[in-house]
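Residue numbers (our numbering), protein chains in the order written: chain L, 1 to 314; chain G, 1 to 314; chain V, 1 to 314; chain P, 1 to 314; chain W, 1 to 314; chain Z, 1 to 314.
No lab work stands behind these hints, which were simulated from the structure alone.
Every value quoted in this text rests on a predicted model; they were computed, and no experiment measured them.
Among the hints, a few may not be true.
Keeping only pairs whose Cα atoms sit at most 30 Å apart, straight-line, the calculated DSSO-like set for lysine-lysine is [stated by the list, open to error]:
hint: 1; chain 1: Z; residue 1: K231; chain 2: Z; residue 2: K253
hint: 2; chain 1: V; residue 1: K60; chain 2: Z; residue 2: K253
hint: 3; chain 1: P; residue 1: K25; chain 2: W; residue 2: K49
hint: 4; chain 1: W; residue 1: K49; chain 2: G; residue 2: K85
hint: 5; chain 1: G; residue 1: K42; chain 2: G; residue 2: K60
hint: 6; chain 1: V; residue 1: K24; chain 2: Z; residue 2: K309
hint: 7; chain 1: P; residue 1: K231; chain 2: Z; residue 2: K138
hint: 8; chain 1: L; residue 1: K253; chain 2: Z; residue 2: K49
hint: 9; chain 1: Z; residue 1: K24; chain 2: V; residue 2: K24
hint: 10; chain 1: P; residue 1: K151; chain 2: L; residue 2: K231
hint: 11; chain 1: G; residue 1: K309; chain 2: V; residue 2: K183
hint: 12; chain 1: Z; residue 1: K253; chain 2: Z; residue 2: K279
hint: 13; chain 1: P; residue 1: K214; chain 2: P; residue 2: K231
hint: 14; chain 1: L; residue 1: K24; chain 2: Z; residue 2: K85
hint: 15; chain 1: Z; residue 1: K24; chain 2: L; residue 2: K85
Some chain W residues well away from chain Z (every beta-carbon gap over 12 Å; in silico) [as the list claims (entries may be wrong)]:
hint: 16; residue: Q7
hint: 17; residue: I10
hint: 18; residue: E15
hint: 19; residue: S54
hint: 20; residue: R80
hint: 21; residue: K85
Don't be surprised by glycine CBs; every beta carbon is placed ideally from N, CA and C.
There are 6 protein chains.
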Amino acid sequence: MKKGIDQHQIGESVEQHLLIKNAKKGIASNGKPFLTLHVTDKSGEIEAKMWGISADDEAKFVPGTVVHISGDVQDFRGMRQLRLKAIRLSASGEQVNPEDFLPSAPRGRDEMLEEVNQYLFDMQNAKLQRLTRHLFKKHQQAFSVSPAATKNHHEFVSGLLYHVLSMLELAKGIAMQYPSLNKDLLYAGIILHDMAKVRELSGPMATQYTLEGKLIGHISMMSSEIEEAAKELSIEGEEVLVLQHLILSHHAKGEWGSPKPPLVREAEILHLIDNIDAKMNMLDRALERTPAGEFTERIFAMDQRSFYKPTFTE
Amino acid sequence: MKKGIDQHQIGESVEQHLLIKNAKKGIASNGKPFLTLHVTDKSGEIEAKMWGISADDEAKFVPGTVVHISGDVQDFRGMRQLRLKAIRLSASGEQVNPEDFLPSAPRGRDEMLEEVNQYLFDMQNAKLQRLTRHLFKKHQQAFSVSPAATKNHHEFVSGLLYHVLSMLELAKGIAMQYPSLNKDLLYAGIILHDMAKVRELSGPMATQYTLEGKLIGHISMMSSEIEEAAKELSIEGEEVLVLQHLILSHHAKGEWGSPKPPLVREAEILHLIDNIDAKMNMLDRALERTPAGEFTERIFAMDQRSFYKPTFTE
Amino acid sequence: MKKGIDQHQIGESVEQHLLIKNAKKGIASNGKPFLTLHVTDKSGEIEAKMWGISADDEAKFVPGTVVHISGDVQDFRGMRQLRLKAIRLSASGEQVNPEDFLPSAPRGRDEMLEEVNQYLFDMQNAKLQRLTRHLFKKHQQAFSVSPAATKNHHEFVSGLLYHVLSMLELAKGIAMQYPSLNKDLLYAGIILHDMAKVRELSGPMATQYTLEGKLIGHISMMSSEIEEAAKELSIEGEEVLVLQHLILSHHAKGEWGSPKPPLVREAEILHLIDNIDAKMNMLDRALERTPAGEFTERIFAMDQRSFYKPTFTE
Amino acid sequence: MKKGIDQHQIGESVEQHLLIKNAKKGIASNGKPFLTLHVTDKSGEIEAKMWGISADDEAKFVPGTVVHISGDVQDFRGMRQLRLKAIRLSASGEQVNPEDFLPSAPRGRDEMLEEVNQYLFDMQNAKLQRLTRHLFKKHQQAFSVSPAATKNHHEFVSGLLYHVLSMLELAKGIAMQYPSLNKDLLYAGIILHDMAKVRELSGPMATQYTLEGKLIGHISMMSSEIEEAAKELSIEGEEVLVLQHLILSHHAKGEWGSPKPPLVREAEILHLIDNIDAKMNMLDRALERTPAGEFTERIFAMDQRSFYKPTFTE
Amino acid sequence: MKKGIDQHQIGESVEQHLLIKNAKKGIASNGKPFLTLHVTDKSGEIEAKMWGISADDEAKFVPGTVVHISGDVQDFRGMRQLRLKAIRLSASGEQVNPEDFLPSAPRGRDEMLEEVNQYLFDMQNAKLQRLTRHLFKKHQQAFSVSPAATKNHHEFVSGLLYHVLSMLELAKGIAMQYPSLNKDLLYAGIILHDMAKVRELSGPMATQYTLEGKLIGHISMMSSEIEEAAKELSIEGEEVLVLQHLILSHHAKGEWGSPKPPLVREAEILHLIDNIDAKMNMLDRALERTPAGEFTERIFAMDQRSFYKPTFTE
Amino acid sequence: MKKGIDQHQIGESVEQHLLIKNAKKGIASNGKPFLTLHVTDKSGEIEAKMWGISADDEAKFVPGTVVHISGDVQDFRGMRQLRLKAIRLSASGEQVNPEDFLPSAPRGRDEMLEEVNQYLFDMQNAKLQRLTRHLFKKHQQAFSVSPAATKNHHEFVSGLLYHVLSMLELAKGIAMQYPSLNKDLLYAGIILHDMAKVRELSGPMATQYTLEGKLIGHISMMSSEIEEAAKELSIEGEEVLVLQHLILSHHAKGEWGSPKPPLVREAEILHLIDNIDAKMNMLDRALERTPAGEFTERIFAMDQRSFYKPTFTE
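Just need the whole structure built from these sequences, with the hints factored in.
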């Protein structure tokens with residue numbers, strides 16, 4: 001199998017198709033325009049500069065386009081950068097599909113959906129089960145491919161589903177340790193907590209915030225959807241209210257976007273599990289790229305800390 | 001007309017019916033139980049202690065009951081307190097109605113509703129007008145008597161309506177000064193911004209937070225109601241989304257309960273007008289009770305500041 | 001009438017006189033010096049780069065100079081930039097006057113002064129009136145042309161006067177809504193609150209902070225001037241003290257530069273009105289430059305927020 | 001079996017031996033001295049007031065003494081309080097042992113020690129194992145009975161051991177979910193993280209901070225002990241350094257007492273697990289005392305939040 | 001010489017004249033009024049309660065009155081309290097003078113004034129010298145008796161003068177260490193920095209904030225006085241401006257009351273010296289009252305810290 | 001004597017040996033690599049750019065190398081920059097020694113060590129003296145050349161020793177002013193407070209943080225060393241504990257890296273003296289480079305403030 005873009009060392013040559021994920025125009029200090037491209041395949045992404053571009057180039061090399069590139073990898077201020085020797089649009093006959101170039105979750109979509117379904121199936125409380133199943137079915141298609149964020153953690157195809165499943169598994173272990181937890185409520189909260197990201201974000205390709213994402217946000221959206229679903233399914237009772245609360249409070253603090261802090265035990269633990277899975281995802285990926293005995297680059301969403309990778313093992 | 005409880009000076013005798021707004025049991029340092037009552041008539045409220053109570057007294061003197069009191073007003077650590085000489089339940093033949101004892105807005109309910117209706121009538125944008133009118137009709141009954149809060153500002157019968165009308169009048173003047181403002185959007189935001197307080201609070205008598213008030217809050221509730229109303233009325237378009245945003249952002253900051261900061265001009269000004277009216281209400285009432293040349297008591301919701309009342313006039 | 005620099009679209013040619021407001025030398029990555037110019041006419045300003053300059057150019061193209069430019073407007077990282085084809089000093093025979101190139105308030109200076117005078121004339125409290133009139137006369141000349149700031153809001157010729165008049169008009173409406181406010185005190189506070197900016201800032205051309213502006217600040221300066229004026233006019237009484245307090249507290253918090261928080265009702269409302277007018281000025285100008293359906297650039301002095309301009313109207 | 005003090009309802013009589021945990025003298029408003037006692041048995045504790053005490057009483061009823069009490073439970077401002085009818089020192093013939101009256105962990109000491117030993121036994125990395133075992137042996141006696149804190153969470157006999165074991169079990173599940181974690185390092189960090197509480201606190205009876213607890217703190221003490229132990233055992237290598245780092249950083253932030261933030265993956269997860277177990281312990285105990293459908297008292301160490309106990313079950 | 005009130009141990013009898021510094025009425029839980037008195041002599045102060053007072057007592061025992069007390073010192077919640085056996089107004093024939101009962105600085109007023117004068121005399125810069133001398137003369141009388149604060153530090157007769165002199169001596173040593181410091185500027189800043197406390201506070205007896213103290217504050221007052229004095233003395237030049245800056249910035253931060261942070265080297269060091277002397281004064285007095293081997297009470301103005309007094313000596 | 005690099009004015013030619021302190025590779029916007037060098041001699045340092053470098057250049061011009069440079073000093077955005085005309089490695093025959101090029105303390109190492117020894121010699125408390133002398137001897141070699149930091153203050157050869165001696169001298173003056181201070185304890189704390197910087201930093205050349213510096217920090221290291229030394233010397237008693245506390249608390253706050261705030265008088269004053277000496281060092285150096293009548297560049301570690309240098313003198 002061919003080496004992905006992320007496996008190329010400094011100094012190696014590149015000769016392959018890549019997807020343009022981002023393209024930004026700049027003006028060099030000689031007054032000439034250039035493009036800063038972020039190109040990607042399943043293995044990861046790399047930056048490339050196109051110097052002295054024409055207006056035609058600018059129109060051609062846009063996000064979502066697959067291009068064929070030859071060049072080599074060089075070091076620029078401690079980061080890898082791709083020096084272009086040639087770049088052209090991939091031809092239709094080359095049978096390249098943009099979706100095949102996006103990084104995605106390490107597990108298969110259908111297998112993961114199946115596992116979430118099992119958690120749904122095991123719920124005892126009929127109201128929580130019906131509400132959660134209803135919303136899961138409603139958004140299943142988008143939910144199964146959406147990233148969990150535009151950056152920082154789980155920002156890949158099916159990242160949201162992968163994040164939710166990882167949280168469910170953590171929750172199962174924690175609920176065994178603290179049997180007073182209401183597992184149904186916790187599982188329902190986990191499955192729905194970020195589900196409105198399918199409306200907040202524009203989807204897996206060139207992901208950005210939608211207008212309603214910016215003005216309303218996934219937290220308020222999902223709370224409204226639960227209220228509406230309860231009416232549609234004629235479900236009444238405290239379950240509806242408390243489940244909405246879990247969604248509204250899952251960022252824990254006002255300054256992090258939650259209009260209410262957790263005021264129910266399962267709301268508190270939902271926030272803590274979300275936090276663990278996001279941090280472990282960021283740390284694992286940063287440390288994978290770091291040799292033992294060195295520090296990672298600064299991790300923005302972890303207070304700009306740089307983590308050390310020890311040289312010893314178990 | 002008879003003097004209200006708030007007009008009695010230190011040393012004067014009291015002989016009148018009063019409503020028990022609050023009653024809290026304590027144990028004196030001699031081991032005997034007592035009640036701390038807050039009793040009220042339209043003019044204001046006063047604290048009274050009932051020493052050495054029986055279990056029977058405890059069951060009888062509960063919030064919402066009208067009692068006949070004789071006693072006199074004395075000074076206790078700089079605050080007025082009512083020393084009881086006698087207290088009994090008012091008899092049914094005395095024709096006292098609890099509602100008649102609650103402080104309420106300085107203007108008539110119907111007159112205020114009429115003025116809000118006029119603002120609704122003058123709206124040009126049909127979508128905003130229909131949405132706002134629909135929710136106004138839905139909650140009109142509770143809205144017209146609800147306080148705006150349990151304490152701090154506008155915490156009296158029809159306080160919410162009085163607050164909204166005052167904000168509409170401020171908005172009218174400000175919109176003349178800055179003609180770029182969308183008046184319809186601003187008026188709709190003002191009328192709806194606190195409307196879900198009718199669900200968040202338990203009503204004008206013995207006002208407290210409801211369960212959904214504590215777990216969801218009036219901000220998220222009203223955003224959901226707008227979304228639902230738009231579906232019911234088949235209204236589509238950015239108006240719905242932006243109006244929801246005005247509601248969600250009207251507390252301005254996450255730490256003050258808003259999941260989004262204002263990101264639309266009218267959302268910003270809605271917050272500023274809300275702020276002005278709440279502060280002027282708190283200040284006016286604190287200064288009314290303060291002689292010229294002195295400082296008010298500390299005002300909790302204004303950073304515990306104590307304000308000076310100058311001795312000169314215009 | 002000729003199109004101003006602010007009305008030129010991307011791609012259009014420019015051929016006109018412009019005033020150099022700012023000039024900053026840089027070294028390009030090829031080691032050669034260049035100038036970053038900000039050039040302006042009444043309609044607004046634009047950035048232009050002069051590449052490969054000589055020492056002679058550096059001495060010639062300085063702030064306050066009028067130049068004749070031909071070039072065209074291009075897009076640079078989402079901002080308009082002027083590409084120079086030719087630039088020369090405007091000749092004396094071309095009759096260009098630097099003052100004619102500075103952006104200024106949308107209303108005439110004399111008309112605005114007249115209106116402020118009317119507010120002064122209407123005051124009832126003789127002490128406040130005499131104090132305010134005295135200081136207004138003393139600084140009238142500089143006050144009538146000073147900007148209100150070096151950036152962010154009202155940073156144009158007569159910006160300070162325009163800001164004060166706008167605040168007076170807001171105050172008039174608000175005082176009708178809350179009749180307990182002392183209008184004379186409030187108007188006096190508004191007229192004087194920023195008046196020492198005539199000492200804090202260096203004037204309308206190439207505006208910067210003076211030494212006393214940096215070490216003392218306009219808040220402390222004006223408080224001292226009121227004290228001194230009262231002695232000169234033999235005015236005694238609480239009016240002097242309270243008016244000083246309004247000036248000292250108008251930034252509301254210590255971290256925003258006020259040595260005292262507002263402790264008088266009119267001081268509180270003065271701060272709130274100042275806040276509204278500054279924010280509306282920033283928002284109006286940012287939204288004017290933004291098409292409907294898009295977000296403004298980030299506004300620094302409003303917590304870096306980017307505002308949305310809705311597509312619907314009243 | 002006899003009912004414990006925590007199972008008595010308001011209005012019920014008490015007739016039993018209890019341990020004085022705390023005794024504080026006060027002066028009543030009639031000028032006479034009284035004692036506020038906190039008395040306890042295994043089930044929990046209750047407050048009692050002794051009015052009108054003599055100097056002799058003051059000397060007799062001190063912390064650590066077992067007394068025989070008859071009285072009844074009454075309500076005082078929403079909290080249970082014990083009204084004394086009679087109180088006397090328990091006689092030596094009554095065979096009461098202070099230790100038998102202290103609340104303690106829900107599991108047996110030896111069984112828990114055994115389980116921790118098993119975690120030690122399973123470690124692969126010889127250096128971490130030897131270091132941890134050495135310190136575990138050194139403090140085993142005190143460690144097995146120490147509370148984890150003076151208040152808030154795990155503040156009972158063997159609370160520290162119970163807390164550590166609960167964290168080890170959580171860690172096991174989490175390490176299965178994230179196989180990149182170094183289990184040995186994480187287990188060593190958990191076992192040692194709070195071990196110096198045996199020096200910081202004065203032990204299980206009448207627990208208070210020691211002088212070195214106040215001036216040095218358990219975090220710095222244990223870091224020093226690891227350094228010293230490594231020298232004693234001639235252990236060198238990064239394990240020592242990194243293990244010290246886990247201890248130093250386990251409170252995560254400077255303002256919470258850690259001189260370094262977590263900079264190693266296992267340090268981060270150690271902090272998160274510590275946080276989960278402390279919060280679940282606080283929540284479980286507060287909710288146990290709360291009927292379904294009501295809110296708990298405010299929990300000091302969880303931002304003073306009051307949590308709701310839902311009425312529905314799985 | 002007779003023992004002062006501060007030298008009496010728990011259990012000892014008191015029989016002496018004392019000054020009432022403060023008197024506050026309360027209502028006991030039996031409904032009867034009482035007075036909380038703070039009585040003082042030069043050695044310190046103590047609290048005393050007068051139970052069951054008459055209206056006549058209330059009028060008689062007011063701040064500023066000297067009384068003759070017999071009673072004994074007892075312990076109340078860890079603080080000393082005076083139990084009254086008898087209290088009466090001191091008769092005119094007893095020749096007691098209120099001033100003789102106030103705690104005051106440990107050094108004589110005239111001797112301290114003389115030393116400050118010496119610092120003035122040694123100044124080289126004529127402008128700074130004349131300005132400082134002028135203001136020193138103007139306020140010398142009040143300055144020489146004023147406390148430096150109402151509580152926390154140097155809150156005794158001549159406390160301000162004592163504080164200033166202590167700072168001058170510190171400054172002398174520090175200026176030797178850092179010869180780049182401008183001693184004249186620093187000394188002038190120290191002498192004037194708190195001088196307007198003579199206007200901010202009401203004087204040494206029953207010290208409280210004046211109206212201008214609350215609304216303007218000593219920082220702004222002294223800056224204005226320097227400006228005015230410079231005009232009166234026809235002194236021009238940067239000295240005036242920079243000296244004003246030292247005054248304005250001596251609280252270092254906006255949230256601590258300074259409208260400008262220190263922007264001149266001597267302003268920075270003035271703040272640091274002020275800080276040292278205030279803290280050492282608070283610490284010395286708290287530690288004097290604390291036996292070796294114990295902790296002081298919490299010191300409010302030092303982040304509520306409680307300090308340990310070691311048992312060893314040099 | 002030849003002029004140092006810091007004494008060269010804009011426009012002057014440079015022809016001398018310099019030490020490379022730092023070298024960072026960049027890519028110019030024309031795609032070609034360049035080096036940003038920081039070169040230094042005893043007088044100070046300057047930045048230089050090497051354009052269009054080869055791989056060979058990159059390997060040759062590394063930190064720690066002495067080079068011979070000819071070029072001239074030019075202005076780049078308000079900072080001095082060295083334009084290279086020629087650069088080559090200094091030949092071994094030229095007898096240049098890297099140590100001779102590093103900026104160092106203004107006083108001689110041996111003389112300073114001697115003075116610190118005198119402070120040690122004068123101590124009265126034998127335990128504190130033995131502990132301090134032991135650790136001083138142990139680290140004397142590294143201590144005498146170590147910088148006190150990598151940047152901000154005292155970041156030069158022997159900077160740590162110079163800082164400690166300056167603090168001792170300040171302490172001597174302050175202890176005379178406040179005789180209640182325990183001089184021995186304070187001197188011991190000063191001598192040891194930063195001593196573990198010899199382990200935290202990599203030494204005087206190309207100073208950076210070591211691994212244990214990053215993960216443990218000098219504060220925790222020195223506390224452990226004191227504990228260990230006390231065992232080694234069989235010193236017992238509160239002196240050990242309190243001295244550790246001085247080290248642990250000398251950064252004063254958790255967010256500044258101290259696990260405990262100062263809780264002993266000498267700990268508080270140690271922090272204040274440390275603060276004064278660091279700030280005076282930063283200010284003195286920034287002001288030395290600034291002409292009278294101008295402001296310094298922003299000083300990072302003093303809240304980014306820019307300080308004014310007055311034009312008048314004593």
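Quiz item: Going through the earlier hints one by one, which of them does the structure break, listed in rising order?
Solution: 2, 8, 10 and 14
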